[in-house]
Amino acid sequence: MNRNPKKPFEYSRKWSMRFVFLITMVFLYAPILVLIVFSFNNSRRGGNVIWKGFTTKYYAKAFANEELMLAFANSMTIAVTSTIVSVFLGAMTAIFLWRFRFPFKPLAEGLVSLPIIIPEICMGVSLAMFFSQMGWWTTGNTPWPLNLSNIILAHITFSFPFAAMVIRTRLQNFNREMEEAAKDLGASEYRVFKDILLPHMKPGLIAAALLTFTLSLDDFVITFFTSGPNTVTFPVKIYSMVRFSITPEINAASTLLIVLTLILTFLALRYQRLTDAKHD
Amino acid sequence: MSLEDYRQQPRVFAAFALPTLIWLLLFFIAPLAIIWLYSFGENISLVEIKTTWTFDNYARIFQPEILELLWRSLWIAGIATVVCLFIAYPIALVIATAHPNKKPWLLLLIMLPFWTNLLIRTYALLNILGTRGRLNDLLRWMWETSDALLNRIGLGHLELLGTSFTPLKMLGTPSGVIFGIVYVSLPFAILPIYSSLERLDKSFLEASLDLGAGQWKTFYHVLLPLTATGVVTAAIITFIPALGQFLTPDLLGRGQVDMIANVIERQFKRANDWPFGSALSLFLLYITFVLLAIRSFYDASKANRS
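Chains as they are written, first to last, in the numbering used here: chain A, 1283 to 1562; chain B, 2 to 307.
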């Protein structure tokens, strides 16, 4: 006898559905796991398809690869700068869209979400043409990190609408009576912003920062078009390595980036749990 | 809570709104305007383009080879989207009906690969899909096992599975590219379906089952129509990036399965035909707009009916 009859909406308890889920997880994770395993592949003469035994030498090689490390430093500089500006700009965008009624508001909302929607390649191409037209094409002589400026500008442009979206969602459940109460008690516009609105926005700002940081690290296509020969980012460098020849060194470099992403996700989750606990 | 009118505090409004609008004007609209002008232009020297308001660049889109390219991009992105939806729906169902404690973890499992760099995920597939790659290892193992099994039960002489194992060619073929696109865009497809399932009123399903409809009938006539908006959203947000994919066809197609973005890239990086590249980029942009318009039209008609 079935002691626990299945209710209609209990698909997750069906073995067939669990099997589909499991297969999909294998599909999603197996390639990444294989990539990590093959970063330890002791292959001697190029190629990274056949397993030849365990080694960590390709990690040493990746760390000793100056171009790769410079590309990593570039990526981090770009991600940090773009995150700071994107969160700032995103917060301002979120506030004016959330707080005010003004003519052509749907147009402004559409405009802000457009960079999220349009195909990456269109944005990459148009920004590349824009920078070359403006003579913004950073030359080999521009000192670091100023030579990264057009990549940073491009990253801010595609990141801040995401930041605005996240922050606006957070603002949606702000109780504006608090603001009025503070004003009745004599607080200035600035005090209200600093002491009431900003603390409420904080979790949104942090979520937005983590999102824009990942978006910046993740981007290949737009960076590919806006980077010059001397301003290579980590993904662009990995791409040129893949085009040249496939070696375990690429796997080692990729694994490092995967680990970085995992750490960021872990931090995000931890932070979220902390704020959730505070609210309970 | 009602919104404030901007005229009440025009200075605060301007302080918050202007930086965004100026930024978008400068780094989003102006760049698009430049390629818009280029798309009506002609190359007069290597890096100089004169806008002569010619329609030649758009006319060139209707050359047979570019039409073939567009058609190929559309069907590859289309098949990848359909495959994604077929996988995404059951996955979303499992997550939506899981125990509330497990839900965040299951969602995290889906999102984690999504946070991983797109280039790295595509590169990871090179090792899987190659002729000597992991997928063919698995298929070879399955072939050998079933062949041995057939031999044991005395059907070996029939050679039902052929005389030897032929590896599946995925790299450089449309199926490899489709595999890659499904792999990178699956989370896009899962999330909208999941959120529409979360909002669903479960009593409809109970009513359907109580009234004697079977599980499949309930799924087809009740569950699917009620979550149609989620499915349409999932289809659109999978299809749009899939259509403009550059990396997957570039790395997994090996130059034999070009999609629109690969040809656009070539106009700018190698062929130096910026006007045609611009026209092609804008054409891709217009397709995107048409798709989004279809979506809002669908939403509007849905809202009218209810």
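Derived from the structure by calculation, the hints contain no laboratory data. Given the structure is predicted, the values throughout are model-derived calculations rather than measurements. Built from N, CA and C at the ideal position, the CB exists for glycine as well. Some hints here could point you the wrong way.
To be verified - Label-pair restraints from in silico Cβ distances: (1) A:Leu1549 / B:Glu5: 34 to 40 Å; (2) A:Lys1334 / B:Leu108: 36 to 42 Å; (3) B:Val83 / A:Lys1343: 52 to 58 Å; (4) A:Lys1334 / B:Leu156: 52 to 58 Å; (5) A:Leu1549 / B:Leu212: 48 to 54 Å; (6) B:Leu156 / A:Leu1544: 35 to 41 Å; (7) A:Thr1338 / B:Glu207: 29 to 35 Å; (8) B:Phe220 / A:Ile1332: 41 to 47 Å.
To be verified - When the alpha-carbon atoms are kept at most 20 Å apart in a straight line, the in silico DMTMM-like pairs for lysine to aspartate or glutamate are as follows: (9) A:Lys1465 / B:Glu5; (10) A:Lys1465 / B:Asp138; (11) A:Lys1334 / B:Glu5; (12) B:Lys104 / B:Glu5; (13) A:Lys1484 / A:Glu1461.
**Message:** If you test the structure against every hint from before, which numbers come out violated?
**Reply:** 3, 4, 6, 7, 10, 11, 12
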